[in-house]
Every structure is written in C-alpha cells, then in structure tokens.
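Q: What follows is each chain in one-letter form.
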Amino acid sequence: MMAVRQTSERQAERRFARTVLLLVMLGFAAVMLAGMMATLAMLRGEDRAVSINHAHRVEREVDGIRLSLEQMRSARRGFLLELPVDPNASYDKASARLFGAIERVGRLTVDNPVQQDNIGRLSAMAGTLDQLFRRSMSPSSLRAAASEQERQRLASKVEALANRMLAEEQRLLAKRNAERARAVGSFYAVLAVTALLLALVGAGSIWVIRRYTGELLVSRDALQSLNENLEGAVAERTTDLQRANEEIQRFAYIVSHDLRAPLVNVMGFTAELEAAIEPLDALIARVDAEAPALVDDEARRTVRDDLPEAIGFIRASTEKMDRLINAILRLSRQGRRTIAPEPIDLDQLVTGVVDTLRHRIDELGVTVAIAGDMPQLVSDRLAVEQILSNMVENAVKYLKPGRPGDIAIAARAHHGRVLIAVSDNGRGIDRRDHERIFDLFRRSGAQDQPGEGIGLAHVRALAYRLGGTITVESELDAGATFTLNLPARFVDEKSGTT
Amino acid sequence: MNAPLAVNIVMIEDDEGHARLIEKNIRRAGISNPVHHFLDGTSALRFLYEDARGPVRNGPALILLDLNLPDMSGIDILARIKGEGSPLRRAPVVVLTTTDDKLEIQRCYDLGCNVYITKPVNYENFATAIRQLGLFLSVIQVPDVEES
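Protein sequences, first through last, are from chains A and B.
Counting along the first sequence from 1, when you hit position 6 you're at 6 in the working numbering, and nothing is skipped either side.
Counting along the second sequence from 1, when you hit position 130 you're at 130 in the working numbering, and nothing is skipped either side.
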C-alpha cells in the first residue's frame, strides 16, 4: 500500500518534472524566436532606410531635371538679351546637366515601371525640346511663332512630367516612411514581447529551482535523520547480539557446572561400589574355603566378573562425559576470555608450535616445511598459538598409513587479512564432512585416533573470536589444507579499538 | 580425633549424594564430630541462628557451604554469617562447591570465607580432597561463639 502510493507519487513527480523542463525549454525557444524576429525586423527597417534614401536621391535628381530646364530657359533668355556672358556655353552646360539628370533618374528607377515609362517619355521630350531650344538660339534666328509656341508647350509638358515624377517619388517616399514606421513599431513590439517572455521564463526557472532546492533540502534532512536512526538501530542490534551471545556463554557455563554435580555422585558412588567389591570378594574367598556349598557359581561370577565389568563401563562413560562437559566449559570460557591483541612474529610462533610437537613429529618420521618471511599480524598470541597448534597436531595425527608424512606451513597477506595454511598429505577428509568436522563432538573417517571431536570446534570458535574464519580443502586420501584467515590487525567489535 | 566434641559441623549442601560422599570421606579421615546436614539455605539459617542445638545457642561450629542452593545463593549465607554484628562472624566457613569461576572465588574470600575448595569431578581426587579437609578440620581451632 505504502509502496504503491510512493510509486504513484514518484510517477506524478516525474511527470511534473518533465512538464517543467518542457515549459522551460519552450520558454527559451520562444525567447530565441523573438530575438530572431527582432533582428529580422531591424534588418527590414534598415532595408526601408536604404529605399527611403534611394527615393530621396531620385527626388533630388528629378529636382535637378527641373533646375536644368530652368537654367536652359535662363540661358536662352540671356542669348536673347545678348548678355555679355557666353549664353551658348551656359546652355550647353544646362542641357548636359538635364540629360545627365534624366539618365541618372532612369538608372535609379529601373525597378519602377511607372517611372521608367515616365522617364522614357521625358527623355524623348527633352531631346525634342533641346533641338527646339538650340534652334531658337541659332544665330540664323529661324524663329518662327509656331516653333516658339511648340517649344513653350513642350517645356511646360516636360516640367509637368517632372512634377508628376516628383509627386510619384514623394508618394513612394510617404509609403516607405509609413512602412518604416510600422517596421520600427513592430520591432519595438517584438522587443517588448521578448522582454516579457524572458522575464516569464526567468521567473519560472527561479521558481522551479527554488522548489527543487527546497525539496532537496527536505529530503537531505530526512536522509540524515534516517541515517542517524540507522546507526542507532545497528547499535541496538549489536547490543542485542552481544547480550544474546553473553547469555549463551553463561548458559553453557551454568549447564556444564550443573551437569558436573550429578557426575560427581555417579563417579563417587561407583568408586564406593568398587571399594565394596573387595570385602565381598574376600567374603566369597573365605566362604569358598570354609563352606563351599554356601556359594554358587552365579554369586561368584557376579562378584568377580559382572560387577567389575559394569563398574568399568560406568567409569569409562562418566570419564568421557566429564571430558565432554569440560570441553563445553572450555569453549564457553574462551568466549568470555578478553582478547589481548599484540604484534606477533609469525615465523617464531609457528616454529615454537612445531617444536612443542617435535617429539611426536620425529617419532612418526614426519617432515615439516615452514615457509619463511611470514606477514605481520596483530592478534591474540595465545589464541593464534592454540589454533595453529591444533592445526599442526591434526596434520601430524591423521596420516595416511604407509605414506611418510609431509606437512607444509605457509602464510601470506591478502587485502588486510593474513592467511595461514597448513597442508598435509594425510588421509584427507571426505567432502561430505567438510562442514561437520567443525561441529562439537563430530569427527570424520576411521575412528582410530583418540579424541572427542572438540579440537576443530574449539579452533573455529577461537577463529571467530579473533574476527577470522577457518576453512578446509581436501579430498579423501589426498591430504588436506586447512586455511586460517585472520584480520591482519585485530579490531574488537565491542570497543572498536585495536 | 580428639577435637572437642562440642564442635558441630554444619553442612549446607543441596545434593544428597555429595553430602553423603563428603560425610563418608570426613569419617574416613577420622573425624567423628556430629554433622548436621541441610539441603537448603532457609532451614540451614534457621538452625544456625535459632535452633536450640545450633551454634548460636549451643557451642562452636564449623560450616561447610555449597554455593549452588535451590532457595538462595551460598554467597548470601556467607555474607550473613560473616556480616557485621553476626554472632557467627568467627565461625570458620569452608566453601565446597563445583564453581571454579575466578570472580566467584574472589568474592567468597572478600566476604570472609576461610577456605575455598573446588569439588574435583574425579572421585579419587574428590575423596583425597575431603580427607585432607578432614585432617585439616581435626587440627583446626574453632572459637567459641560470641555471646550476643
């Protein structure tokens, strides 16, 4: 239920995040589009400015046409009045200016068919007019009234046409000016929209960032408190475990003590019984001597055979039970013993262990190879010694009959651990028994060696106590390798110190 | 053998078998003082402090004490006997028990126990230990109970 709600919440959140991201992206895209549009509008405005300039120039040239016409007229008037200046020269200048202006206007308005049409007519008329002017100014003075009239009519027509062209250009100019104003207006509008969008996207982004930051802070706080709780929970569990462990050890201790009390009775009264056999035996011997008819074979057998046999079994069993109880007691004591870690010279320790078994090793003709240069180890000396002693003892004990014993002891460091291996070529351990041999009172293979099945259980308990493990690799008849894996530096879980 | 007959041996032991074996071996050592055996702490304390034949009313005593009792810990009895103002403060107490816990032994001596003996599980050792205790008891001088 909780999980389902969480999942749906998370899905909603993810949807929301996606939407927000999409919106932000859309916002930025819109801002970019607006920026592009503004640029476009500005470029278009520049185009307008260029064409307006163009229109102004055309206007100027058309004015130039009118001006030239006026100059032509005034040159002619000068000729007629016979002014001291050279009227022919000034007329030539004015007419050249007229044609130049016409030509320029024609070039400037190639894109305008109306003006082109006008300029074509203007050009034709100007040609005719020029001839008429020139004729009226000729020295032969072929002035005819008709031609004079014609000249004046044409001149006014040219002027009218020029005026029309000017009007046309002015119309164009007005149009272009309006367009430009519109373009500038739209540019400002686009700019305003862009600014608005930018502000909106910015505000939206800030809102989203603030929201996420707030959520992050909240979840960080939650995580932190969760972490603290976790530490507390772990500490609590550890305490529970330690308490349980202590309880088990205490239980083992009490049980083994309480088991001992009745055993004292069994052994004590067995001894009393044994002591009672003696007078009984003496009695039977005396009766045999004095009145043999009073005892039969059964009574004799009971006293001389059955009773000692029964007592022997009781004794053997109670002694074994005593050893087992002592083993449990020792294991429980091991758990209670405080571990005192110290730097251990492994080479020396291993040599010492082998030397204590030297007598048995020599007796059986076993060769023991100890690899030199063993790694550094900080652990409990007594415990490590007990473990190694047991491992080597087992290797010496469980030889393959008829095969000379060969034992190798080596140690190496590996990722903060020290691995000590004791290998032998003895009788080996069946794969099925690899776990079983570490159990209390369990043994493997032929039961031809003395022992209670305590050693390896003890070794494993010790290894665990030192924060290590012990494992076995073996095949039946092919020897065995026991590997003790210890932390290179012992750390006590209880205090967390080395 | 010639220990004053007035000295009573008070044995507080919940295991009848143990009690019997202890008594047998004490007798074998030649001790013939009367042995009063109690199976629990309550009746033992009543005898020690209130009974007409008990040590408070009737002469010196030596106490053999087991620590594992059904109704109370032998340590409590020891503390009561050796406690401040107890009339039995000077009576020798031999703690005879299976517990060989170091702390337990220290505690008993701290409380004023005179001898602490761990019962050996091996019977021969057990018998020897008790007989030696008997020899020890035969030479021990037991003070008279203080008049309260």
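Derived from the structure by calculation, the hints contain no laboratory data.
Note that beta-carbon positions come from the ideal geometry of N, C-alpha and C, so glycine has one too.
One thing to keep in mind: the hints can contain errors.
A short, non-exhaustive set of chain B residues, derived as facing chain A with CB atoms under 8 Å [what the hints assert, rightly or not]:
id : residue
1  : D15
2  : G17
3  : H18
4  : T98
5  : N114
Q: Does each hint fit the structure? Answer for all of them.
A: To see whether the hints hold, each was checked on the structure:
Checking B:D15 against chain A by beta carbon gives a least distance of about 6 Å; that is within 8 Å, so the hint holds. Because the smallest distance between the Cβ of B:G17 and any Cβ of chain A comes to about 3 Å, under 8 Å, the interface hint for this residue holds. The interface hint given for B:H18 is met, as the beta carbon of that residue sits about 6 Å from the closest beta carbon of chain A, less than 8 Å. For B:T98, the interface hint holds, the least distance from its beta-carbon to any beta-carbon of chain A being 5 Å, beneath 8 Å.
Interface hint at B:N114: violated, since its Cβ lies 23 Å from the closest Cβ of chain A, which is beyond the 8 Å cut-off.
The structure fails hint 5 only (numbered hints given earlier).
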